[in-house]
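Given next are the chains, with one letter for each unit.
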Amino acid sequence: MSVVVEGARKEFRARRGARVMALDGVDLEAKPGELLVIVGPSGSGKSTLLRVIAGLEPLDAGRVLIDDRDVTGVPAGRRDVALVFQEAALFPHLGVAANIGIGERARGTRRRDVESRVREVARVLDIEPLLTRMPTELSGGERQRVALARAMIRSPRVCLLDEPLASVDTELRLRMRGEIRAVQRSLGVPMVHVTHDQVEAMAMGDRVAVMAQGRVLQCDIPAEVYARPATTAVARTFGPLPMNLLPAVDGVVTGVRPERVRVNRSGAGRAGTVAAVEPAGEECLVRVDDVLARVPMADAPHPGEQVVVTWRPEDEHHFDAETGARR
Amino acid sequence: MRRWPLAAPYLAGSALLVLVPLGLAAALAFTDYFGFRAPEFTGADNLTRLAADGTFWDAVGISAFVAAVVVPLRLLLAVGAALLLARRRGARTAVGRAAAYLPSVIPDAAWALLWLWILNPLYGPLPALLGVLGVPDPGFLTTPWGARLGLVLVMTFQVGEAFVVALAARLAIPARLHEAIEVEGGSPWFAMTRVTLPLMAPIVLVLAVRDMVVVVQNAFVPTLLVTDGGPANATLTAPLLIYRRAFEYGELGYASTLSVTLLVLTGIAAALPLWLAARLAAHQRART
Amino acid sequence: MRHTVPDGSRRSSTSTLSSLLACSALVPRACARSSVRTAHAPSLLLTLLAIPVLLVLSACSDGAGADEGSPTAPITVQVGADPEEAAVYRSLVSAYEEAGGGEVELVPVSRDDHLTRLSTAFASGDAPDVFLINYREYAPFVQRGAVRPIGPLLADAGVDTADYYEEPLRAFTYDGALQCMPQNISSLVVYWNRALFTQAGVPAPKADWSWADFVATAGALTRDGVKGVGIDPSIVRMAPLVWSNGGTIVDDDAAPTRTTLHEPGARAALQSVVDLIGSGATPDKEQLAAQGLPEQFMTGKVAMFLSSRVEVPALREQRGLDFDVAGLPVMGEPVSVLHSDAYCVASGSENAAAAAKFVAYAVGQQGQTLTALGGRTVPSLRSVATSPAFLSPARAPASSQVFLDAIPHLRHTPVTPSWPEVEDVIGTQLERAFEDGVPLDEVLAEIRKQADPLLQSR
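Protein sequence lines correspond, in order, to chains A, B and C.
Okay, so the first sequence: first residue is 629 according to the numbering used here, each after it adds one.
Okay, so the second sequence: first residue is 204 according to the numbering used here, each after it adds one.
Okay, so the third sequence: first residue is 19 according to the numbering used here, each after it adds one.
So here's chain A without its partners, still in its complex pose (with noise of 0.2 Å):
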């Protein structure tokens, strides 16, 4: 099973006649029980990938193909796609059981048949008590397990899911990851998540796809992505922190992670001044000049400090200053 979606376009025309292309030729492949993370700034374009591949939004150009299948032209609902709503999307009028039973309801199976296969998914998520309440009556977490359980119950093809934490809290967040990551090894389907939180996206995917403007800039495995940036771009938005990039010489940026940068009092390196210390727990972010550093906190300078800056060669990435692209 997998989902493949090639030479995507798709032109918006936003207020006052402005064209937007929210996908301007995307090509990206999930594999069988594969969780590929769409990342990216809003804006960029996937959360209208996904609604492509539910089938939610028609293309412009380009094809959509669900186990080999092409369907383009093929109805949402025709698809056997699961899709999980940011904030859920209950019916509010509706019991959770009857939340999580509506799509077998929707394809005509019958109600005696539904309510068996509700109690069963809701014991596999451990919601069962939650099963008589009303939406209204849910937790944040809470909600977002009914959502998981109406896609988990119907078996789909592709399980899409758009920004399923964004309104849920850092602890449960932590927990929910693991949780989504369970679901998706027991279902074995490629999964799809959107999310513009880069730490999700390291933590949670198999593979991750940077998205920016509409393009995907690149997609690979996480440590991949980090460690070889395709672009400024990526190297400046993937990540825990924005890569910095110096001004270019000879047509040439040079990169270096600001994990991988060190402060030091004396010695050779780039002398400068430090702007800025943020504490961060164990270290702190500091700022000499244009260069952004994390370093222990027993490290950290003071700001207005006279320091060197320093990385070894091997941490440098070298991009073209031109097209932003690695070298």
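Note that these hints are calculated values from the structure, not bench results.
Since the model is a prediction, treat every value here as computed from it, not as a measurement.
Check each hint, because a few of them may be wrong.
What the hints assert, rightly or not - Simulated crosslink set (EDC-like; lysine to aspartate or glutamate; CA at most 16 Å straight-line):
#, chain 1, residue 1, chain 2, residue 2
1, A, Lys659, A, Glu685
2, A, Lys659, A, Asp696
3, C, Lys467, B, Asp340
4, A, Lys659, A, Asp848
5, A, Lys659, A, Glu634
6, C, Lys303, B, Asp340
Put chains B and C on the given structure of chain A with help from the hints.
Positioned in the frame of chain A, the structure of chains B and C alone reads:
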């Protein structure tokens, strides 16, 4: 709990303009009063007369019939138009919305006179159209059931306010709920019956209650202007009868008895949708 | 039920319709009706609910005592009139003011709404000082204390009732006192369209023509697009036929306790009308629903129709219409029914002296001459009725003498408070017999069942 002073102007207004006159009308209901001399208390005489007043109960029956047919039709029309015109933006939607609202912009009396022409047996376009289509003309102004049908037609299309309210209720439903049904493969019918309508239900319910009152009351204008209660009292609705009792025969005391009675009956009728909705909601909640 | 109107023609809603249709000819009429209606139509219950409040407010101003005010104090006069008639009353008012009378505010109300407006005006304590009302409808107002007997007031203003025809004075005498002063002595006549008679080669109606002549004439006039005659299904139209045939409407004209339309003389008269309708010489149900009789007459769709003098101002305005009037056909005795309106002074008026002065002028030589010239009235003052102001053949109808010829045979319907409702009941039932083909006996039984209790109630 300390916000009640904010309601004071409203409460004072409704007390002065509604409750006090209502109380006085209720008091007048037990008198003989013709508007010239002070009312004369007559005890339960008016109630005895009311009980035996076949014409009034016939009129109540006609009002009930009209409400029973017109209220569902009006709701169907208002909600139907709201569902049809909720979807896209654009010129067609704008024109459609304007068209749905337009009849309500026309004053009731002008609307009634317009229908008087539309239904005219010799010169009206509707009988002419039916003639062309080969549909038998029910005799909109000439036969009892034809006149009642005409009355229903006059009263059905002025649903602009209800349409706007229903449209607002429809637009308040988050798009993702419908997308969820779409992804799950639900038919448009399923989406409408299991999602759209249940979510609009509380508003539709309010509309039903309001319509019940509006229809019973508004039946007055078309009956006065279009059918004049005829032919042979076939469209003599309760408000028109009360109007005649009060202003043509000058019996204001007994007319008060009738109008208070009608008020109570309308109240009971308006409670009907509320009761129905409570049953539906309980049913909805319990099932998968 | 259809609305009764002061003059006695029963206006159905269809007349409003026809006005709407024939907009070019009748715009003012349609507009007058609908606009007045609009003012009170939409909020019936609110209006009803508001009455008690007005009552409380008006209670404070009810204390007017014996003071009759200055004879030139400003007064309000309400009349029920179509636009053409209203113009006649307007000229009367300005002539009065020029002749040194006090200020008069004329409130012309469409005929359908006249009674309603009057009732609400009284209920809200804002009654006009003077109002014009038909004798068939004034009884409830007198019985309920709305009217100040006009006899003594007029005597003070120098009016001698001996100068007036007696029949209307009798009709407006209630409880032994003259309550209101009649302005006219109209009666039911046959309006006929001269052009249609000529086209059909039918001779003009003769005086004292028989019912058989009438039926034959109606039949001869009926042809493509034209019906011979139109008769409203109302008791005021039927009454003279019933009387002419030796029947009665009620058991006792002075103190009626039951209707007698089912008795042989009356029933036979009604049956003759049903037979006439059955002959196809009258407009069918759809034609009646589509357009009122006066409008059908004006537009040449009926060749004859029965009404009183009230139609004249509007008919005169209709271009190209050449009409005249003829006496009612006779079944047995020659007889017609009185149509008469009178000026009443409201009992609460603080300006009774001024009100009486105005009424004296209106029913006096000058006033009656003005209204007679306008075509609206058959003067109740003998000297004017026999003057050229009324009789001049220069303006249609040429045969106004017909109205005067009817005077010796005039009778009037009973004066009793429940009469307006009785008329509605009879009208609704006659409509069933005339238009829906319901057997006459069934309808007559229903009239007894519904109307008799009304007569007995008060």
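Which earlier hints can't be squared with this structure?
Hints 1 and 3 contradicted; others consistent.
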